[in-house]
Amino acid sequence: MATTAALNALSLDEQSFADRMIAAYAGTPGALLSILERIQEHHPHKYLPPEVLEYVGDRMDIPLAQIYGVVTFYALFNLEPQGEHTICICRGTACHTRGSRNLLQRLRLELGLPEESEEGADKLCVTTPDGQYSLRTVACFGQCALAPVVEVDHAIFGHVNEQALRREVEHLAGRKA
Amino acid sequence: MADKISVRIDGEYVAAQQGQTILEVARAGGKFIPTLCWLENLSPVGGCRLCIVEVSGVGRLLPACTTPAQDGMSVTTNSEKLTQYRRMALEFLFSERNHQCAVCVSNNHCELQSMAQRLGVTNVRYPYSFPKMRVDASHERYVLDHNRCILCTRCVRVCAEVEGARVWDVSGRGIHSLIVSDMNRPWGDSKTCTSCGKCVEVCPTGALAEKGFGVEEMVKRDRKVRRLAGRRGGHV
Ligand code: SF4
Ligand code: SF4
Ligand code: FES
Ligand code: FES
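If you read the sequences in order, they're chains A and B.
Per the numbering used here, the first sequence starts with residue 1, numbered consecutively.
Per the numbering used here, the second sequence starts with residue 178, numbered consecutively.
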């Protein structure tokens with residue numbers, strides 16, 4: 001969210017990585033998207049801090065408002081640090097009718113995450129304060145036959161119920177040590 | 178010299194030039210087509226869909242502000258069907274944000290309001306969404322009230338194309354779209370804003386206003402900005 005605090009300067013590594021990406025994609029269509037995607041992937045917390053966006057904007061002569069517009073338009077970009085593990089629950093129609101709301105509520109309770117806010121209910125992305133888990137929703141994985149579908153650290157699970165989901169999360173907790 | 182073409186507008190033949198939009202041709206011929214996001218001499222975006230027209234032989238309605246006129250085209254600018262759709266577009270705008278005209282700085286000087294009156298919108302048939310919206314009063318001279326914004330992007334375009342400061346853009350998408358300055362920081366903290374006030378003058382509603390004006394007191398004067406915009410070579 002908006003902060004007026006002085007921005008941290010970019011580390012040398014971040015700068016040179018950004019410079020390399022800008023050079024690599026310069027002149028290709030959709031360059032900004034590819035550049036930001038690679039930079040986000042490179043970040044240990046898989047997100048785009050404001051100072052990175054400012055740096056890229058400055059280097060590519062793209063207005064800050066335009067960059068901000070792009071990163072808030074595409075769901076793939078994160079503006080907040082992401083957790084160690086990501087659990088993504090499908091809230092598409094098929095999964096909804098198969099109880100994905102309950103899965104989401106259950107997981108919120110277990111992870112101690114706040115209730116759904118009124119605004120922005122279509123795209124959820126919250127991270128536990130300890131930085132362990134990010135909980136997200138998606139509009140459809142394209143695997144409706146397996147509804148309800150949950151993705152845990154890039155692995156897709158179908159026909160998930162509350163027990164199965166808890167097992168997976170406990171499994172992650174065991175692994176994290 | 179551009180090629181001359183001939184277009185039929187509401188049955189009358191009008192001489193035009195290749196490359197002109199339907200809207201430009203119609204206006205030159207003295208025809209009124211309702212517009213909201215379009216502003217003379219700014220690049221057109223076709224966002225508000227108020228300027229839709231019927232083109233014979235084309236199955237769908239086309240926005241006059243972005244559709245190039247073609248030789249032999251026959252255009253209808255006014256019909257019962259068009260009025261219905263235009264009213265609907267306006268009603269959606271009213272239901273999307275919070276337009277309480279009676280307490281708005283732009284009451285009686287608002288393009289959204291006067292367009293609704295002109296097109297006979299007497300009520301809104303869709304449920305209001307009453308979103309909770311912020312008001313950014315951080316700029317020393319101006320205020321941005323998201324409650325009145327219709328996302329026409331005139332401010333975005335005038336700032337980029339005429340002033341060259343590129344302060345504004347649209348963030349998010351769909352119902353969550355929002356006008357932002359720089360990186361969504363308070364307007365008053367913007368390092369790019371030159372405080373020229375062009376965005377305020379061209380904003381069709383009470384979303385952008387000058388500080389120090391009460392209800393009904395904000396009168397926009399966009400003539401100078403349009404003239405200035407007309408001096409640049411072509412659209413950006
Ligand atoms: S911006 Fe226009 S339509 Fe909206 S409340 Fe103000 S006067 Fe009414
Ligand atoms: S602030 Fe005014 S000019 Fe800018 S998009 Fe909103 S309504 Fe249009
Ligand atoms: S609705 Fe969940 S995968 Fe399609
Ligand atoms: S004036 Fe043409 S779409 Fe808004």
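Where hints are given, some of them may not hold.
To be verified - Looking from chain B toward chain A, a few residues come up when the C-beta cut is under 10 Å (computed):
(1) Val-298
(2) His-353
(3) Ile-356
(4) Val-357
(5) Arg-362
(6) Lys-368
(7) Cys-373
To be verified - A few chain A residues facing chain B, derived, Cβ under 10 Å:
(8) Tyr-47
(9) Pro-50
(10) Gly-57
(11) Met-60
(12) Pro-63
(13) Ala-65
(14) Gln-66
(15) Tyr-68
(16) Val-70
(17) Val-71
(18) Phe-73
(19) Asn-78
(20) Leu-107
(21) Glu-170
(22) Leu-172
(23) Ala-173
Claimed, not checked - Here are some chain A residues the structure puts well away from chain B; computed CB gaps all over 12 Å:
(24) Ser-11
(25) Ile-22
(26) Ala-31
Just so you know, the hints here were simulated from the structure itself, not pulled from any lab data.
All C-beta atoms in this analysis are idealised placements derived from N, C-alpha and C, irrespective of residue type, glycine included.
* Indices of hints not satisfied (ascending) -> 1, 7, 8, 11, 19, 20, 21, 22, 23
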